[in-house]
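Residue numbers (numbering that gives the first Met the number 0): 0 to 128.
These are computed hints drawn from the structure, not numbers from a lab.
A few of these clues could be false.
To be verified - Calculated lysine-lysine pairs in the BS3-like style (CA-CA distance at most 27 Å, straight line): (1) K13 x K97; (2) K126 x K97; (3) K114 x K20; (4) K74 x K126; (5) K97 x K74; (6) K19 x K74; (7) K20 x K80; (8) K13 x K80; (9) K80 x K19; (10) K13 x K114; (11) K80 x K126; (12) K80 x K114; (13) K126 x K19; (14) K126 x K114; (15) K13 x K126; (16) K19 x K114.
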Amino acid sequence: MANRAFDWLNQAVKDLELAKKCRDNGHHEWACFISQQAAEKAVRALHLYMGQEAWGHVVARLINDLPEEVEVEDKLIDKAKVLDSFYIPARYPDSHPKGAPFEHYGPLQSEEAIKYACEIVEFVRSKMA
Numbered sequence: 000m001a002n003r004a005f006d007w008l009n010q011a012v013k014d015l016e017l018a019k020k021c022r023d024n025g026h027h028e029w030a031c032f033i034s035q036q037a038a039e040k041a042v043r044a045l046h047l048y049m050g051q052e053a054w055g056h057v058v059a060r061l062i063n064d065l066p067e068e069v070e071v072e073d074k075l076i077d078k079a080k081v082l083d084s085f086y087i088p089a090r091y092p093d094s095h096p097k098g099a100p101f102e103h104y105g106p107l108q109s110e111e112a113i114k115y116a117c118e119i120v121e122f123v124r125s126k127m128a
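Work the whole structure out from these sequences, hints included.
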């Protein structure tokens with residue numbers, strides 16, 4: 000079977016483009032969620048590139064589950080944890096005590112999410128070069 004690692008990485012890059020468009024159009028909740036998805040897809044790409052499968056949607060755990068020879072700074076895992084916090088609450092109204100997701104996310108959150116996702120994508124890209 001063909002290794003689809005670069006397909007996953009390419010989709011992660013495309014997802015980041017969409018996250019930026021969502022941010023620019025004021026859809027900050029979607030920018031946050033899509034940034035998390037971009038990071039998740041990028042890390043999955045690295046797992047595939049290294050010949051292993053990855054399960055789950057928690058980016059921090061996916062990073063932690065990389066082989067030992069992949070050196071990862073703790074700060075990158077912390078950034079993944081921030082992205083993981085957007086996985087469900089950015090999409091579902093019942094994730095917050097009151098209000099729809101769009102009322103809980105603004106430019107500050109979407110900028111941070113996109114920045115962190117970009118860093119994770121670049122980390123993966125450097126390991127797959």
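These are the hints, each one checked on the structure:
1. K13 x K97: violated (32 Å)
2. K126 x K97: violated (42 Å)
3. K114 x K20: holds (14 Å)
4. K74 x K126: Cα-Cα ~17 Å, so holds.
5. K97 x K74: violated (32 Å)
6. K19 x K74: With Cα atoms ~23 Å apart, K19 and K74 stay inside 27 Å; holds.
7. K20 x K80: Given pair K20, K80 holds - Cα atoms ~23 Å apart, limit 27 Å.
8. K13 x K80: holds (22 Å)
9. K80 x K19: This hinted pair holds, its Cα atoms lying about 20 Å apart.
10. K13 x K114: At roughly 15 Å apart (the allowed maximum being 27 Å), K114 and K13 satisfy the hint.
11. K80 x K126: holds (20 Å)
12. K80 x K114: Holds - the C-alpha atoms of K114 and K80 are around 13 Å apart, at most 27 Å.
13. K126 x K19: Judged against 27 Å, a Cα distance of about 24 Å means the pair holds.
14. K126 x K114: holds (19 Å)
15. K13 x K126: holds (19 Å)
16. K19 x K114: holds (10 Å)
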